[in-house]
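Novice: Spelled out, the chains give:
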Amino acid sequence: MNTLIDVKDLVLDYPKGPRFGPMSFSIAEKEAFGLVGESGAGKSTVALALMNVLKFKGGRKLKGKIERHCSAKEIAYVPQDPAAALDPLFTVGSQIRELGCSEVAILEALEKVKLPLTGMSLKSYPHELSGGMLQRLLIAMALVRRPKLLIADEPTSSLDVIHQAEIMKLFHAVRAEGISVLFITHHLPLAMDLCSRMAVLYEGKIVETGIPREIYEAPRHEFTRRLLEAVPVLEVA
Amino acid sequence: MKRGFLFGVAILFLGGLTLATAFADRVAPYDPNLENRAQALHPPTPLHFWDEKGEFHKRPFVYATQMGYEANMLRTYSQVLKKKCFLRRGRHAPLGVQAPGKLYILGTDSRGRDIFSRILYGARTSLSIGILGAFVSVAFGFLVGALAGYFGGWIDHLLMRVAEFFIMMPALYLLLALRGALPPTLDSFQVYLLIVLILSAIGWGGVARVIRGMVLSLRERDFVLAARVLGRRTPEILFRHILPHTYGYLAVIVSISIPGYIFGESFLSVLGLGIQEPAISWGNLLTESLSYSVVRFHPWVLFPGLFIFLTAFCLNIIGDALKASQSPEDKLKENV
Amino acid sequence: MSSDSVFQLKQVFKAYPSKGGKKFHAVDGVDLELKWGVAYALVGESGSGKTTFGRLLSGMIPPTEGEIFFEGKKMRDWMRRDRRKFCKKVQVIFQNPYLSLDPKWNIREILEEGTLGAWGRGRKRKIEVILERVCLPKDCLPKKPHALSGGERQRVAIARALLMEPEFLILDEPTSQLDVSTQADIMNLLRDLRPTLTGGLLFITHDIALASQLAEVFIVMRHGKIVEKGLKKEILFSAQAPYTQQLVSASPAWPPVF
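Protein chains in written order, with this note's numbering: chain A, 1 to 237; chain B, 238 to 573; chain C, 574 to 831.
Treat each hint with caution, since some may be false.
Ranges of calculated distance between the beta carbons of each label pair, as one might list FRET restraints [stated by the list, open to error]:
hint, chain 1, residue 1, chain 2, residue 2, range
1, A, 19, C, 738, 41 to 47 Å
2, A, 169, B, 453, 39 to 45 Å
3, C, 738, A, 64, 31 to 37 Å
4, C, 595, A, 99, 33 to 39 Å
5, B, 476, A, 100, 41 to 47 Å
6, B, 402, C, 712, 50 to 56 Å
7, C, 807, A, 229, 27 to 33 Å
8, B, 527, A, 83, 54 to 60 Å
9, B, 255, A, 14, 41 to 47 Å
Once the Cα atoms are required to be at most 25 Å apart in a straight line, the calculated SDA-like pairs of lysine to any residue come out as [claimed, not checked]:
hint, chain 1, residue 1, chain 2, residue 2
10, A, 169, C, 816
11, C, 595, A, 55
12, C, 592, A, 130
13, B, 560, B, 365
14, C, 717, A, 203
15, C, 677, B, 254
16, C, 697, B, 429
17, C, 677, B, 488
18, C, 677, B, 246
19, A, 30, C, 826
20, C, 717, B, 488
21, C, 717, B, 469
22, C, 661, B, 470
23, C, 592, A, 90
24, A, 169, C, 640
25, A, 8, A, 44
26, C, 806, A, 209
27, C, 802, A, 237
28, C, 662, B, 471
29, C, 677, B, 469
30, A, 123, A, 55
31, C, 677, B, 446
32, C, 661, B, 465
33, C, 592, A, 128
34, C, 592, B, 488
35, B, 320, B, 285
36, A, 123, A, 172
37, A, 55, A, 30
38, A, 112, A, 128
39, B, 560, B, 246
40, A, 30, C, 831
What the hints contain is simulated information worked out from the structure, not anything from laboratory work.
Ideal Cβ positions, reconstructed from N, Cα and C, are used throughout, including at glycine.
In isolation and in its complexed conformation, chain A is listed as follows:
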């Protein structure tokens, strides 16, 4: 299997405060890679670094190597908060058209995410759509350019369980189509459900990498164990 992205000894230096890394991981073609960690562990920073859009202010420095075996245009991104990712002043339709893709491609992508967008709802503004619909719309917008890698940064954390289940179904479908997914989440069950391989981030470092089954059955790091225990279990009795 070909490697799509290879991260070697990535270090983010801050003059003050936490330091991220060094971290190394690689994402192969057609695989879903999970990045699990709590807030402040550096998950989103990694995503931004992979897309090469990290802002270097206040003396922040990036060291190490990120090898991309695909062009930057072939990496797509799905953000955490879909409502914040769209401009509230423009209609949904005009923001889709900004992508510069043919209408056929757009309609196809929308069909893929099962978003029944007729001419009417293309004229609606972001705030008129529900969170679940917006997130599906953003996934469609990400897919329209036929990316090789889809980076999803906590795509369901602002959604309810029912919408979350729908979005997860979509990610399974995306994976089945042969698009790699980098799935960033704090929710272990979601990562284990979707991903073929995953890494656990703790305080800016990767403490564990492996396939979900191994990690579930034999966690090696204390933090992974804590995470596994913390997942709320259905109590029937």
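With chain A held as given, fit chains B and C onto it using these hints.
Specialist: Just chains B and C now, with coordinates in the frame of chain A:
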């Protein structure tokens, strides 16, 4: 860094000005009302270190001057080179020169009065009107806004319509109308109070609206709801949970609205509706510069305007710095 | 009216004005009885009116229509005459501990707000006891909320509510803003507190698994209406309403199936 430097300069200037104003009796080189008709519209006196022969003197000196007339009847002052008048402590002030020289730091006006001294004395009126006006209007606006925001309903409705009336009126005409409605024959202290009142009446509306908005939003914040669930009473919640979050804004608004009141006073005084002679204010110092020919040939009569400008500028810098210094958790920010 | 009910709701509506002069019913005609000493879970997606429901019960907002009874007495009367007494009996834990603590106050001041009617040494002692109970170190007292982590803040909020010695606790998604491992700690704390809440509790959440850890009876809410109410087992295994079934099956499988 740059902001810190500017802030330091602004504080120094305003601090120095305030001190100099407070001790104007000791700092001003001349009595502000002392008229020296023989030296009317005298330009600022240059200080010299080298004399006409190129010889250096450790102590700076000025030359005494003599008035003459040009062909077009303009006054000119020529330096009398014979006598050097060295700098020394004045009778009252730290700065003075030996007789018969005169130290006019910023020149004199058309009646031969020292402009620098007059600016210092005038600052007493202008600065205090600015500060007092800003405090009165912000306090009043704060009160109205807090009441309207917290109680809502018809109280809010009524208070806000009144506030909007004052906001909507063009300030200039309101100023003139209010002044015109009041008796013209008042002593200068009464006029002083009147101006403070008039300026505050114009300024409180905007403050009230902003404070009301802040209170409305704070009222729905979770920590206020929590206080209510904890059985706390309305006044207690208002004073302990809601209003403290508006104080940062109040500090900013006071500092950036003082210039407005100084301008207001100047505006009225320039038109002869404000502080009248013999009382001194920056505004009535500027009446001098209403005449084009005076400004054209004696530009130093504009120095009071420069002081107004610098004061306003410094206060704005301080307001900006106050705004920036509010810690993030103090700012009204919803992270939901 | 049975004497063993804590809250009783009769045709309760709560409407908010919405676009075009229409009314949006956050709570839309709810008839419900909460029995004394039972732990309830109110589950539903966001926008289902869960939070509004909690606010109605805590007396923060009045219903637009209908009547709420607490211990057989009208809520309106509680609010008008015995508000403090009511507050002593019913307390709320808010969703977001970053918002529910006044950022200008330090932890001591925040906690003192929960000690209605206690002064001096007694109050100090009370606060110390409660800090130990929620596992917070004493040295956090002079700190301000922003110096604490999310979990610590939520503990402060819980401590503040407990200082009132409430009989009934309303928990409005108390862990949704926290990390997973912190969430587990807070859930453990809440489970330990359960016996002290003689009147019972209402746990508002969208997470069925979390709800199952604390509650005995589930109330499923959607679009401001009660869809279904039943014992935990009934809801989890033999839900009648299709929406409830959807909700139960939507949470990801745990332990995972490989």
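Novice: Against each hint, give a clear statement of whether it holds in the structure.
Specialist: Right, here's what the structure says about each hint:
no.	hint	in the structure
1	A/19 x C/738: 41 to 47 Å	holds (46 Å)
2	A/169 x B/453: 39 to 45 Å	holds (42 Å)
3	C/738 x A/64: 31 to 37 Å	violated (55 Å)
4	C/595 x A/99: 33 to 39 Å	holds (35 Å)
5	B/476 x A/100: 41 to 47 Å	violated (57 Å)
6	B/402 x C/712: 50 to 56 Å	holds (54 Å)
7	C/807 x A/229: 27 to 33 Å	holds (28 Å)
8	B/527 x A/83: 54 to 60 Å	holds (58 Å)
9	B/255 x A/14: 41 to 47 Å	holds (42 Å)
10	A/169 x C/816	holds (18 Å)
11	C/595 x A/55	violated (45 Å)
12	C/592 x A/130	holds (16 Å)
13	B/560 x B/365	holds (23 Å)
14	C/717 x A/203	holds (24 Å)
15	C/677 x B/254	violated (35 Å)
16	C/697 x B/429	violated (53 Å)
17	C/677 x B/488	holds (16 Å)
18	C/677 x B/246	violated (31 Å)
19	A/30 x C/826	holds (24 Å)
20	C/717 x B/488	holds (22 Å)
21	C/717 x B/469	holds (21 Å)
22	C/661 x B/470	holds (14 Å)
23	C/592 x A/90	holds (19 Å)
24	A/169 x C/640	violated (43 Å)
25	A/8 x A/44	holds (17 Å)
26	C/806 x A/209	violated (38 Å)
27	C/802 x A/237	holds (18 Å)
28	C/662 x B/471	holds (20 Å)
29	C/677 x B/469	holds (17 Å)
30	A/123 x A/55	violated (34 Å)
31	C/677 x B/446	holds (23 Å)
32	C/661 x B/465	holds (12 Å)
33	C/592 x A/128	holds (12 Å)
34	C/592 x B/488	violated (37 Å)
35	B/320 x B/285	holds (13 Å)
36	A/123 x A/172	violated (29 Å)
37	A/55 x A/30	violated (29 Å)
38	A/112 x A/128	holds (21 Å)
39	B/560 x B/246	holds (17 Å)
40	A/30 x C/831	holds (19 Å)
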